[in-house]
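Residue numbers (this note's numbering), protein chains in the order written: chain A, 1113 to 1619; chain B, 301 to 596; chain C, 2 to 291; chain D, 677 to 1016; chain E, 383 to 656.
Note that these hints are calculated values from the structure, not bench results. Hints may contain errors.
Once the Cα atoms are required to be at most 27 Å apart in a straight line, the calculated DSSO-like pairs of lysine-lysine come out as [to be verified]: (1) A:K1527 with A:K1539; (2) B:K409 with D:K908; (3) B:K497 with E:K603; (4) A:K1256 with D:K747; (5) C:K119 with E:K461; (6) A:K1260 with D:K747; (7) A:K1151 with A:K1297.
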Amino acid sequence: ERVLRLDESPIGEIDPAKATDYADTVLAVNLYDTLVYPKKGGPGVEPRLATEWTTDGATYTFKLRDGVKFHSGNPLTADDVVFSLNRTVAMGQGFSNLFAGRVTKAEAIDPLTVKFTLSEPYAPFLAALVRLPIVDSKTVIANKVDGKYGEFGDYGEAWLSAHDAGSGAYKVESQNPQSETVMVKYPDYFLGFAENAPDTVRYRYGVEAPTIRALMSRGEHEISDLWLPPEVIRAMGTEKGLKLLTEAGGATGEYIKLNTARAPLDDVHCRLALTYAFDYATTLKILQINDKYAQGIPMKGALPSGLLGYDKDAPAYAQDMDRAKAELAQCKYDPKTSPIDIAWIAEVPARERIALLMQASFSKLGFPVKVVKTPWALVTEQVTKPDTAPHAVEIAVAAVTPDPDSLLYNMYSSKVPPTWMSAEHLKDDKVDALLEAGRGEVDEAKRAEIYKELNARLRELAPSIYAYEFTGVVVARDAVNVPGLSGPADQRLDNFNLNFRDISVAE
Amino acid sequence: MAEPVLTIRDLRLAFGSRRRQTEVLHGISLHVRASEKVALVGESGSGKSVTARLAMGLLQEAPTTHASGSIRFDGIDAIKGGREIARRRGNRVAMIFQDPTSALNPTFKIRGQFREVLRSGNPAISDADADRQAEAALAEVSIPDPKRALDSYAFQLSGGMNQRVMIAMALANRPALLMADEPGTALDVTVQAQTLKLMHELTEKRGTAVLLISHNLGVVREFADRVYVIYRGRIVEHGTTAQLFHEPRHPYTRALLAAIPKISGGGLPDLPERSPDFENPLIVHEGCGEPAGAIA
Amino acid sequence: MSEPGSPVIAKRSGSKAWQAYRSNPLSVAGLVIVAVIVFMAVFADYLTPFPEHVGPIGDFAAMNMGPSETYRLGTDTMGRDLFTRIIYGYQLSLIMAVVVLAIATPVGVIVGLVAGYKGGWTDYVLMRITDIFLAVPPLVLAMAIMGFLEPTLLNGMLAITAMWWPWYARLIYNVTRAEAQEGYVLAAETVGASTMHIIFREILPNCWPSILTKMTLDVGFVILMASSLSFLGLGVQPPTPDLGSMVAEGAKYMPDAWWLSVWPAIAILIIVLGFNLVGDGLREAFEAES
Amino acid sequence: MIWKSLLHRIGAALIVMVGISMLIFAIARVMPGDPARIALGPNATAEQVAALRAERHLDAALPVQYWEFLKALSRGDLGKSLYTNRPVTTDIAQFLPATLELCIISAILMVLIGLPLGILSAHFRGRFPDHLGRLIALIAVCTPAFVWGVILQLCFGYFWPIFPIEGRLLDSIPVPQGPTGFYLIDLLVAGNGAGFLDALHHLVLPALALAMSGLGQAARLTRSNMIDVYEKPYVEMARAYGFRPWRIATRYAFRPAFIPTLTILGLEFAAMLGNAFLVEKVFGWPGLSRYGVEVIIRKDLDAIVGTVLIIAAAFLIMNIIVDVLVSIINPRIRLAGGRG
Amino acid sequence: MSTPILELDNLGKTFEADGHRVVALDGVSLTFNRGECHAIVGESGSGKTTIANLVLGLMPATSGSMRFNGVALPAERTKAHRRAIQLVQQNPLSALNPRRSVGASVRLPLDVHGIGVSRERGARVAGLLEEVGLEADYARRSPRGLSGGQRQRVAIARALACEPELIVLDEPTSALDVLVQARVLQLLQRLRQERGLTYLFITHDLAVVRAIATRVSVFQKGRLVETGPVESIFANPQSAYTRQLIGAIPVVTEEEAKIRNVIRAGTPTPLGTE
Ligand SMILES: Nc1ncnc2c1ncn2[C@@H]1O[C@H](COP(=O)(O)OP(=O)(O)OP(=O)(O)O)[C@@H](O)[C@H]1O
Ligand SMILES: Nc1ncnc2c1ncn2[C@@H]1O[C@H](COP(=O)(O)OP(=O)(O)OP(=O)(O)O)[C@@H](O)[C@H]1O
Ligand SMILES: [Mg+2]
Ligand SMILES: [Mg+2]
Ligand code: NI
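Please model the complete structure; the sequences and the hints are all you need to start from.
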């Protein structure tokens, strides 16, 4: 029996309607299927459950692949798609905001045709569908208990937190939220498997760095998580039997989110001063693992390199203390009396260094700087209010769909309710206008131009410091081959690359 | 005259670290012959107990005690041969303590402790045999229901009963020498009197030698054949009981005698307001029958 | 005049205890350890090679270096001298322990004294409150408190204090109950002394040996507890050096950058050991005294 | 009269439980951060958050919330964990046995290693074995549990990999299904000897790391209590009657010395339940202690209250058990009522 | 002729412990006369200390009443009562606070009752110490450095500080050496004569009683067995129990042994009534 064991820090959520972060995505991708899937090697999507589709901007009609079966044996039909959408929207968690209020109607035209009607033309919709895993409506209904959704009871929420109702390549065997999700191969999967694909996958949660280190050395785990400190990865990379793999990035930016609603950062000059004071070179050096691998690459603005509208000609950022001081001179606040608090997310130790680096550089401008280590759960809460949000906090934001809108709209539109993504609390009419334009435009080239312009505007406004693009590096045993993590050409959008069925595990 | 079972010569004892020592015994010499009842009297802190404990080999192991001189018991030197004497404890020599209740282990039944005592005299003894012997021994000290007593814990018995148990244990292995350190003074006067009587009868019957320790000359008079008076780590007077009481020579002995209230009336003994200075005692010997070669 | 057998020289109380203390080499060693650490912590500014490494500074050129000539114990992930940070960590640990004990001890002692001496309902109510605080897992309690206060040094200390006092209440309660049986308490009562007098002037002085001993032992345990809190990110905030956080963070780099957590762990061990030895010594000394 | 005092103790424990529930309830509610927001995840909108607040009575006054909580509690409902998305009772049922199993094995190690160490020290008081024993005990006490965890993991998992370093069971062994949740017992019940050995194998390192401090404490307590007992007349009596020194140490002086030790060890064991989380974290042990910490960090109200109540209840029950044990070992208490 | 200072009327005390009852004192009526040394003797557990506790108001009686100087004693004692009735305990080791100086212990009642001006109290303490035969500089010492007899003297000085009328002495000499005991008894005797004190003297040692007491009451199991002037009790003990107690006294002379044996045997002495 081939076993694949992977590590991940936070607990994985197996209910696809609640999925939000990396682990949840990996589970959703492997347990469920979506109508479309991020394309390999560039922006955009490719067919998956849907074989073809048509759109006029406001309505989308999909033809479904025939013969796909859920793990229960039920055939996958348009009704399941409608049910999945309704379920996601009704529960209001996870990525429901991609659909809520936008899809006015979802209907099954025939068992293999589904039609979505949107309230207005909305270009990112297609890409958003990579976040709509299709659940087996019959199985869910069969396992529902009483709840607040009327005839749907609890929408199977309780049941789906420990089981799956998917059609994916793997199915849940057991779920222990504190230690692991165990999945086994679903042999009838319609896309088939790599030759030596694992029979069992154990996705382990909350394993400490030294433990991972030892487990990998002992050959007891196959793939480490993404969050190990660079030093540890470096050391493991030199160990016999282990190799490094990378998720080449292109969709995840590391943003130092500046609270634009709080003095002194409500003054753009102060923000620009910080932007110039930030030490980009050292940051990258810290993230360097060896000459081949690094946990970050330079970033040129709000958009990471793998998304539509990325401006490869924009000037690179670099520390420039003179310009920083010049900007500061124009700022209406006196830095000496304007304390700045920087939060760093406790779960990611490497961020402490960036925070301290910031503390050091910002102090040089004369700001009194305080660094506060804050657990992620608390950060997500604090940042929703301008007066509790820290002045600066490094947050990684990934495009959740292969579309720039999924990243930028949530971050910078003044229309979205504040979340961790919009910790900047930016209110700028031009940004708002460009964001709306990007959504409404169907033509891809024109969209690219809009996002380039938006990028330029954001560089002027400096609501965030564009620190670097995150590139994940994991350690894997030589015995495993992970096509999704072996080079940019084979890669899809971040998070969508760990397809267990593609992985081969040598005996 | 019978051979002495215990001979102590020029026993000195100091407590403290190697550098800083306080001597509490300044050269004690005494002896106890077979079947003889000898008393050691003296005030509190004069060194009675430590003498007995040294003779039992109980103090030597402590790193803070420094003893010199000689204690011969059964031909073994207890100062040097700590382990040798240890083997004889409870077998050839036994001890009775002041407060019998605290001298019995509160977490074991009398039965278990008795077995252990008998086993130290005869390692091969079976439980049943030990119990039989224990019952007999308890009956001998007039404990009404020996079986019940064996199944009790010390705190379930009265102090007087515990004292009897102790005596039974002490004599169970028919020791040659019994040391009694103020037996029963922690209890009532009546119990003390009973204890002494019982000890007297039993040791008489078995020919056991006894070293009785007390600060009360009244007690001693009832019990002992011979008396040593110890004062601040020195023997200041010794002699047969009759002689000593009849004609005490040393002022300290006289003071002790005078201090005992009389039941014949006459109020309190008339003591000088200031203590007489006993610091440089003349050593008085009276019919001590010192073994040959002894220097006292 | 003196009774026969009475010691004629009255020694100053405590000198016997000191003698007993001095006679145990381990206790003396403990005292030396503590003295050296306190000295280093107090004069850290002069004794450490890189006092500026305590502040918001990172020397990323020198990060994660093993022990060397310049950096005796190596540098941390920010390129700061570990030796310097450990000494400053001591400073913080000591302040922490002193403040925690300075608050927890009086509170616990007073509760214990009053409950133990008064008995009855006062006893029942006070000791049940104590039990409540004892039964809530200490770290949970501290975390909860830290949860609604800002995670600062002071609040960290308050949180630890909140979970510390019940142990003193328990201890002193038991001591008081025993002392209340003593003749001198009876004597004070028959004379008509007030409850306040009996509790604070008669009983309390006799609790000092227990209190002092526990306090010295607790210095170590407060430091350990603080380090456990730091392990959860609930203690002192960076860049202030804290031994517990140093171990916790450094552990992530084990075994490759071993110096990151090994030295702070040894530093914790030494200071806790030092205070424990002193505590043990005091306990023995007080026993010898009575 | 043992029963009467037992009833008395249980009554006091119940009062304490009520007090704890109020305390922890209050603490959990005044902690900053909006539990509804945290529950719904970072992407939720303000309206969704408000709706959940209303649904969970989070806007009501504290006493009202407490009353709701008590009502639910009487139905055996501790609410739902936001962290695991399951009923808190399910979580506790799954994680408590893991923690208990770990703590019990730790306690056994604590006794098996700590007590002999203490006896040895006391027996050789002031000599080399004593110094060595004391030093070992002291170092065990003076090093935090998580450091022990990392040290043991490195030594026996990395440099000399002879023990598993993570989890409760090898992946290849099917997780036993009930009845107790204690793998050791369940695997034995299922007749899986190899599984039992493997579960034991997995327990060694975490249990040892967790036991270290208690073990040192046990050794120190045993030593000092033994030394106290050695001064007692009955030990002098035992020596005077020629009991073998070793027998005195292991039986005659040990039993009375064990009574006060047991009381403290009981407390130590009970405290372990709440303090095990660092070790659970290091060894990836899916226990209640770690769960408790995770839920506090996440402000998972129901789970916090539930976990704390269970741990506190375990603490109090353990205390009562220790009292009963002490009274069984100490005949003075056991028989006090018998004569009346 | 002699005035009663303390009268016990059918005094009873029952303890409830762990659900079983111990009758510690069973309807005792007794009168203590001013200026006397009234001894209470009995074996361990006969209720002697219980009487002391009741008289001192340390615990409430279960039944009966007490009158002090003809006035009923209230359960909650007034300061005046606390001052008039004093206690000297059995165990001199624990009776003095080991962590306070001798002077502080003796001074305590002066402070509590506001005796004298605060400045003069030091001198007063010195005077009291001298009265019990200790030099004034003992005030600065810790009780730890004192012998049993010295401590007992300090305890007596403390009781005297209140200028009491009645002193309850609960086995004040049973923890002491014979020689030291003799001296403490001498001191007590002298103080009683000089100050006109009344003693309630608790002991189990009848020889001591013979030496110091004027009246004796014998207790057994919480009951008063007999009471009377000391000479008549010794000359002609009425109960077998008293005879047993006297018979247990260790004596040092032949002559006394003879007297004792006669008493023990229960044969009537010349004074006897039989
Ligand atoms: N273990 C010890 N360490 C130090 N000094 C000791 C020790 N044991 C006894 N002493 C001292 O030795 C002296 C003699 O003590 P010992 O117990 O023999 O007196 P004693 O004559 O038996 O008195 P008592 O009548 O009070 O029992 C005393 O001054 C005592 O303080
Ligand atoms: N606080 C108490 N609770 C329960 N029983 C008590 C209490 N105090 C005394 N007794 C019991 O009352 C009886 C009389 O005790 P008391 O102390 O008066 O005796 P005593 O004559 O002073 O004895 P001793 O000579 O041992 O001091 C005893 O049986 C004792 O156990
Ligand atoms: Mg003695
Ligand atoms: Mg009494
Ligand atoms: Ni001679």
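Structure-based check of all given hints:
1. Our distance criterion of 27 Å between C-alpha atoms is met by K1527 (chain A) and K1539 (chain A), whose separation comes to about 9 Å.
2. For the hint pairing K409 (chain B) with K908 (chain D), the CA-to-CA distance comes to about 17 Å; that is within 27 Å, so the pair holds.
3. A C-alpha spacing of about 25 Å is found between K497 (chain B) and K603 (chain E), which places the hinted pair at or below 27 Å, so the restraint holds.
4. For the hint linking K1256 (chain A) to K747 (chain D), the alpha-carbon distance of about 25 Å falls within 27 Å, and the restraint holds.
5. A distance of roughly 20 Å separates the Cα atoms of K119 (chain C) and K461 (chain E); the hinted pair therefore holds under the 27 Å criterion.
6. Distance restraint check for K1260 (chain A) and K747 (chain D): the Cα-Cα separation of roughly 20 Å lies within the 27 Å cut-off, and the hinted pair is therefore satisfied.
7. Simply put, K1151 (chain A) and K1297 (chain A) have alpha-carbon atoms about 24 Å apart, close enough for the 27 Å limit, and the pair holds.
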